[in-house]
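Number of protein chains: 2
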Amino acid sequence: MELALIKLGGSLITDKDKPYTARPEVMQRLAREINYIRNQNPNLKLIIGNGAGSFGHQSAKKYNTIEGFISPYEKLGFCLVHQDVLDLNLLLAKILLQTGLPVVSLPPLTMAIAKNKKLLESNFSSVENSLAADLIPLVFGDVVLDKAIGGTILSTDTLLAELAKYFLFQNKYKIILINAGDYPGVRDRNGKVISLITKSNYSEVEAALGLSHSVDVTGGMKKKVEEFLAISSLGIDCWIIDGNISDNLVQAVLGKPTSGTLIREF
Amino acid sequence: MELALIKLGGSLITDKDKPYTARPEVMQRLAREINYIRNQNPNLKLIIGNGAGSFGHQSAKKYNTIEGFISPYEKLGFCLVHQDVLDLNLLLAKILLQTGLPVVSLPPLTMAIAKNKKLLESNFSSVENSLAADLIPLVFGDVVLDKAIGGTILSTDTLLAELAKYFLFQNKYKIILINAGDYPGVRDRNGKVISLITKSNYSEVEAALGLSHSVDVTGGMKKKVEEFLAISSLGIDCWIIDGNISDNLVQAVLGKPTSGTLIREF
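Same order as they appear, the protein sequences are chains G and B. Mapping of the first sequence onto my numbering: residues 1 to 266, in sequence order. Mapping of the second sequence onto my numbering: residues 1 to 266, in sequence order.
Mixed in with the good hints there might be a few duds.
Repeated chains share a single entry, so a pair holds when one copy, or any two copies, can fit it.
Below, computed lysine-lysine pairings styled on DSSO-like, alpha-carbon distance capped at 27 Å [said to hold, decoys possible]:
no. : residue 1 : residue 2
1   : 147       : 115
2   : 61        : 223
3   : 62        : 174
4   : 18        : 94
5   : 147       : 174
6   : 147       : 165
7   : 75        : 174
8   : 172       : 75
9   : 172       : 115
10  : 172       : 62
11  : 165       : 199
12  : 174       : 256
13  : 172       : 222
14  : 115       : 61
15  : 172       : 147
16  : 94        : 192
17  : 192       : 172
18  : 199       : 18
19  : 222       : 115
In case anyone wonders, no lab produced these hints; they're calculated from the structure. Just so it is clear, the structure is predicted and the values come from calculations on it, not from any experiment.
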């Protein structure tokens, strides 16, 4: 069986520079593309994860939620970030459902515990059971409790990478991970998209990687590439593609020529 | 330590006869009352659960979600009910947060599995960890997967009764459960509120219990009373009160004279 984990970036489905502003027309097109993918390959299982974009990153920055909570003010901030990311997730869920995709919103707050900002424990049974029932688990970057600092943020990238490993170790699936953002891929020093990143060329690539321009509390492109490189070493191909280009997501998921960056073991 | 599980009935926080119509002014007053309770008794832990009212029961009836899913249409229905109940829950969460209450929405779909409409497995660690972090878990009546029939509905009443038992068995808490609805309590044949129900007078009470007038897929007053009677036998006092009466919730939670029905072991 095949399993595709699709990240719809916060930068793609929201206007990252305008607080609490979604891009519903982009969500609708992506929903149609995912529906098309499902019709083309009915045996493909899907997990969708969305970034927080201008819904979660603003409040997460305001309350510095990634660094934990002590005061009642920071605790309330943690809860407000959860509410913000759920709000965006439900907007997206509504559009996916309207397209006929059987998605179920599953907040990562219910699945994971961190310690000092690192994932400590996870329980993905709700994702696994939903997949087994032929539903499409819809996850997102969320707040999670943290045994050392109270709470923190678990990014969509980290979560999807963890889910990819979890399902890989079951030996049931051929897995790919597609990250659709509003950038054409990973760029080199000259702004040209690097079509393939492997362990052997990563040292060259690394120097060119900075942080993204907008507010992103969870680490930007460098962290993303490193997380994807780590799971590509397990045999999971990861694509970083421009989700603004029509059918780019379709091409990547269905294994056809795709413009963007492929992160692969060799 | 004390733990109060508070159910805000769907009939109280929505107009049950008008689809997808919330009663925000009622939610706001209840939020202020809960905030007042918390200030009066800072050592009291709270779990809040809300009914689905006219958000979830309409779609649950349309797709007959309580009876499971086989077809893609019923599966999509299951997902739509999840979306509907989340929508109402987030409206309520927003109001509770605005009042300063650190609530976190935790969908029961992530915590429980049923078999033939009976709860089979549950994992309440996200509720427990949130409580331990001094947050207020906010749960609700939700769809859950079902090992025999695909999916079904887990009512807020059943969920709160299960949570009450779960925390009781930890021997850390004195627990009460308050059900605030838009009815004055449990009525006898003549419409008079029965102030106390115990095992000894339940046979008389039973005959008077019918189903509620509005759409309620999860069983109405009789099932509610029976579930509460079962947990009252473990030593958990359960109140059924009219949440429309100002300060009735405050009185019940703080152990002061309350109009309504008390369900108690003896």
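Inset, instruction - Indicate which option fits the pair residue 222, residue 115 if close means a Cα-Cα distance not exceeding 27 Å: within, between, both or neither. - result: Answer is within; shortest intra-copy Cα gap is 22 Å, inter-copy 45 Å.
Inset, instruction - Go through the copies and call it for residue 94 and residue 192: within, between, both or neither, with a Cα cutoff of 27 Å. - result: Cα proximity of residue 94 and residue 192: none, with 36 Å in one copy and 44 Å across.
Inset, instruction - Using 27 Å as the alpha carbon limit, work out where residue 18 and residue 94 are close: within a copy, between copies, both or neither. - result: For residue 18 and residue 94, both the intra-copy (21 Å) and inter-copy (21 Å) Cα distances are at most 27 Å.
Inset, instruction - Using 27 Å as the alpha carbon limit, work out where residue 62 and residue 174 are close: within a copy, between copies, both or neither. - result: Neither: 40 Å inside a chain and 37 Å across chains, both beyond 27 Å.
Inset, instruction - Go through the copies and call it for residue 199 and residue 18: within, between, both or neither, with a Cα cutoff of 27 Å. - result: This pair counts as neither: shortest intra-copy Cα distance 37 Å, inter-copy 59 Å.
Legend entry - Alpha-carbon proximity context of residue 115 and residue 61, limit 27 Å: Intra 20 Å, inter 43 Å, cutoff 27 Å: intra-copy only.
Inset, instruction - Can you give me the call for residue 147 and residue 165, within, between, both or neither, at a CA distance of at most 27 Å? - result: both (23 Å within a copy, 25 Å between copies)
Legend entry - Homomeric proximity label, residue 75 with residue 174: Cα distance no greater than 27 Å: Between copies only: 25 Å across chains, 40 Å inside a chain, cut-off 27 Å.
Legend entry - Up to 27 Å CA-CA - residue 115 versus residue 147, copy category: For residue 147 and residue 115, only the intra-copy Cα distance (5 Å) is at most 27 Å; the inter-copy one is 34 Å.
Legend entry - Intra/inter-copy verdict for residue 172 and residue 115 if alpha-carbon distance must be at most 27 Å: between (30 Å within a copy, 25 Å between copies)
Inset, instruction - Could you figure out if residue 172 and residue 222 sit no more than 27 Å apart (CA to CA) within one copy, between two copies, both or neither? - result: This pair counts as neither: shortest intra-copy Cα distance 30 Å, inter-copy 46 Å.
Legend entry - Within, between, both or neither, where residue 192 and residue 172 count as close if Cα-Cα is 27 Å or less: neither (37 Å within a copy, 61 Å between copies)
In this structure, the hints that do not hold are numbers 3, 10, 13, 16, 17, 18, in rising order.
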